[in-house]
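Novice: Could you put together the complete structure from these sequences and hints?
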Amino acid sequence: LSKTMVVDLYSNYIRNRILTLRSQLAETHDQLKAGPSVEEYRTLLERENALLDRLIVDYDLKARDFVGLCGDVSLEWIVADISCIFQSFVIVPLHTKMTDDDFIKVLNNCQVKCVICTTEGLEKRFHTLFPQCPTLKRVVLFDSIDDKEDECEWRDIVDTTAKENDLFSIIHTSGSTGVPKGAMITEGLWKTFISDRLSQYDPLVKIVFKPLCSMSERENVYHTFCSGGRSGICTEPHKIFEDVQLLQPTILSCTPRFWNVLYLEFQREYLAQLEKHNDSDRDHIRYKVLAQFRSMFGERLSYVTTGGAPSGDIVKRFLFDCLGVERVYEGYGCTEAGHIANNGGILRADVEIKLEDVPELGYYHTDKPYPRGELWVKTRTTIQGYYNNPYDTNKSLSDGWFCTGDIVELIDDRRINIIDRKKNFFKIAQGEYVAAERLENIYLSSLYVKQIFITCADIIKYSDQNAVMAVVVPNETVLIDWAKKMVESYINIKDLSENPRVNEMILLELKKVGEQQNLRPFEIPWAVYLEPEPFTVENRKITRTNKLARTVVDSFYRTIIDDIMAISHLRDGDFVKYGGDSLSALRLTALARSKYGMGNSIGHMRSSSSTLMKHDAILDPLIVVHDYKGECESNIFLTGCTGFLGAYLLYELLTQTVKPKIYCLIRWSKLDKIIEVLKHYDLWNSTIDINRIIPIVGDLAQPQLGLTDVTWTRLSFEINTIYHCGAMVNFVKDYEAHRAANVNGTLEIIKLASTSRIRINYISTMSILSLTNKTADEGEPLDDYHLNNAGGYMQSKWVAETLIKQAKQRGLSVTIFRPGMISWCSTSGKCNERDWLYRLFTGLITHGVAPDVDCLMDLSPVDYTSQVIVWTGQRTESIGETYHLCNTEKMIEFKTIWNAICAVMGKKPDYVEFNVWLDGILTQLEKNQQLNDLLLFQNGIPDDRNRKISSKNTKRVLQESDITLLDLNPTVFAHHLLS
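When we follow our numbering, the leftmost residue of the sequence shown carries the number 122, and every step to the right adds one.
These aren't lab readings, by the way, just hints derived from the structure by calculation. Note that CB positions come from ideal geometry on N, CA and C, so glycine has one too. Heads up, some of the hints might be wrong.
[To be verified] Capping the alpha-carbon separation at 27 Å, the derived lysine-lysine pairs in BS3-like fashion look like this:
no., residue 1, residue 2
1, Lys668, Lys615
2, Lys668, Lys226
3, Lys1048, Lys1028
4, Lys782, Lys929
5, Lys1048, Lys1069
6, Lys895, Lys1011
7, Lys615, Lys605
8, Lys516, Lys499
[Claimed, not checked] Distance ranges between label pairs, derived from CB positions:
no., residue 1, residue 2, range
9, Glu1010, Thr834, 18 to 28 Å
10, Lys1076, Thr776, 51 to 61 Å
11, Leu319, Ser416, 40 to 50 Å
Specialist: This is how it looks when you write it as structure tokens:
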């Protein structure tokens, strides 16, 4: 078709109309409802003539100049496009959702001189790009062009000098796997596209609602024009179903996304009717609902088409049942090669194909029963290449052949079956390749799934993956209907997406669909992330042609998917093997609970079995307590002296005793490390006799504490008391990781003490108590709650204390101290920079906002705790006793501490609701790593008001001392933190 022939067709069909929606289709103007106008072909020509006059005369454009077109679906866009065609301008359609960077790349690559846009917003955007686009001279707002009153001959506005190989348009591919490439469409190719599709339907009515920058929708417009048909321009795509009912099209061409939405609506209505009629006569109800949906298309419908991406079998079966097999047409083609195959994969008569082996995916042309490989095609409409892009041209085109990138199997000489896109494949641990798009189309048949992305975690880091993972955008309407019956409380779709119960339901739904479709186990997702925000062109997760923008989506969710994989390892106990640490575990735990909908079951890492702990909790019967070997000196052996409590214990031992030497187990031979620690906590002064501190190089985790036989024997003669405070503390590692230092180390301490009946003052922890409604007394035996219900640290301390008690039964002099939460020093404000108290309030200082919670904290100052342990540990009457070191009678409010800190900072305390506070932290984590510590408190701020702990023994023994537990002064703590 020449441009002159197109104008002749305009004349021949002057009575037909092009409609701008939304209005009703009618045969006369009188029948039209009030609303957008109805345009005749003659009026269009007048508007096109006016626009051309402005472009040619005022803006000095000439044939073969590049002109950009940008705007939503509208009559103005079509008028501008036709005007440019008539004058042989090379049209470069631009999607409104392109980023400025993409605009700049395309405009500069194509050397666009003028951009015609349809809204003021777009006009302003393009004006800002002038400095970065040297060839761009004009930005034209269509609405600013007044229709010319002067009529001219239609032939006068048509350029007839264009040759077959001249450029007609540059169509940029959707970019679903990378940066869009500009396909070169020549004058000859365009004529072939249109002439191949002329229709004999009368009336021919179509709806235009997809972006006109796509090849397929633009073809539809001109196919309709040149066939003398009518086009309804849908300017409100969200009302497309209503417009279909109004227009009653002859042909309806849509992408799979449209049909998926329709199918989900059908499923929802079908289930609603089943419920209404008590699930009776399912076939009859389905027939009625199908008829209801069939009627929305009107009586004129000849057939519907689906293309642009493969459609799921379930959705296609729905269309067959609804409209009839003969009225459903699935085409296969691409911008670069045009139409390739018709229904059932039957190749068009003019299409040549060949298959190239893909050995990395295991596809060969010699495969049985069907040859398989990557499809190359040669058609009458294959492009010459990508504009100004020799790399991609050489990569995709060779001797007239185009590489589609699709993996197909050849059913017979002229029939193909598409398996998937080559770029959509990925491999999991077993070496199995996964066809992601095929799986996505299958899972889209679920009523609960609106959109889905099939993927896996980092295959290099997590080489043990044996199944796929999924990102799912739920069908909001259907999910809320389900939630009304199954979820106690929720606010919105975001709230539901973070609900573990919803996550579990969606996962089971995917499993059900996968099993129904006979998918292999590795093709069924083992984990799912629910995304409340739909994939759209605006957020760049959907391409301009409604395909999944895989590169963008994969990049967007990569961290989340890898996090979920890490969470699974955290649950399974091998998180550390994959490089995990405590901080990472806390972050993942918070995300699992509040963002990923994976519940609260991730806490501390736990041993997979209690068998080892039960075995370890039995003291070796060969350990025998020996009597004193002659005259024993009254020196003291201290473990953990470089820790927070250990440093204060050392200070108190040096202060409360005069002569004894303090043997300190450390990993360094020099005394400097111990002095450095004492200075750090403001405990070093000139009165300390440095000669009393004896470093003993060793390691709790080693047999015989890492000591030589000589040192071991010397200690057994030179000490009469052990203060065992050393321990490994890690709230992510499991029991096995803590076992060497905390259990075996304690066992070695028992062995050392047994050589000469040396007294042990063992520093345990209050956390080994299983606090129930009854009061925890100091003399009560430990229960086995922690064998299966605690983290590795607490399990190891439980086993260690159990061993200590057995050693007491064998005759060792043992005193057990169970400190609760140890707080700052009451005089200096110094605190343990590794404990949760420090991390909580330094995190709050960084964040600036605190949760509005009413919590009481049971805190004991470190100087008070160390004084009690050292003083009590020197008394004979305390042997065999257990002491709880807590502050239940003088608990302090969380807000009292935060208010004091804010007062020192000179600011008013700021409080927000807890979930708002936590969401704020999670949102800012990427930008501010200092907030990581606040993840410790994802389940709430510790509240000790209901803890029932008895400390009768402690109170009784302290009656004979001058040790006093003063009220906590948070201002001292605040000054230290802020210093």
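Novice: State for each hint whether it applies.
Specialist: These are the hints, each one checked on the structure:
1. Lys668 x Lys615: Distance ~24 Å between Lys668 and Lys615 Cα, so the pair holds.
2. Lys668 x Lys226: Between Lys668 and Lys226 the Cα gap is close to 21 Å, so the pair holds against 27 Å.
3. Lys1048 x Lys1028: 24 Å, holds
4. Lys782 x Lys929: Between Lys782 and Lys929 the Cα gap is close to 25 Å, so the pair holds against 27 Å.
5. Lys1048 x Lys1069: 41 Å, violated
6. Lys895 x Lys1011: 20 Å, holds
7. Lys615 x Lys605: With Cα atoms ~15 Å apart, Lys615 and Lys605 stay inside 27 Å; holds.
8. Lys516 x Lys499: 15 Å, holds
9. Glu1010 x Thr834: 18 to 28 Å: 47 Å, violated
10. Lys1076 x Thr776: 51 to 61 Å: 23 Å, violated
11. Leu319 x Ser416: 40 to 50 Å: Between Leu319 and Ser416, where Cβ atoms are some 30 Å apart, the hint is violated.
Consistency note: the structure conflicts with the earlier hints numbered 5, 9, 10 and 11.
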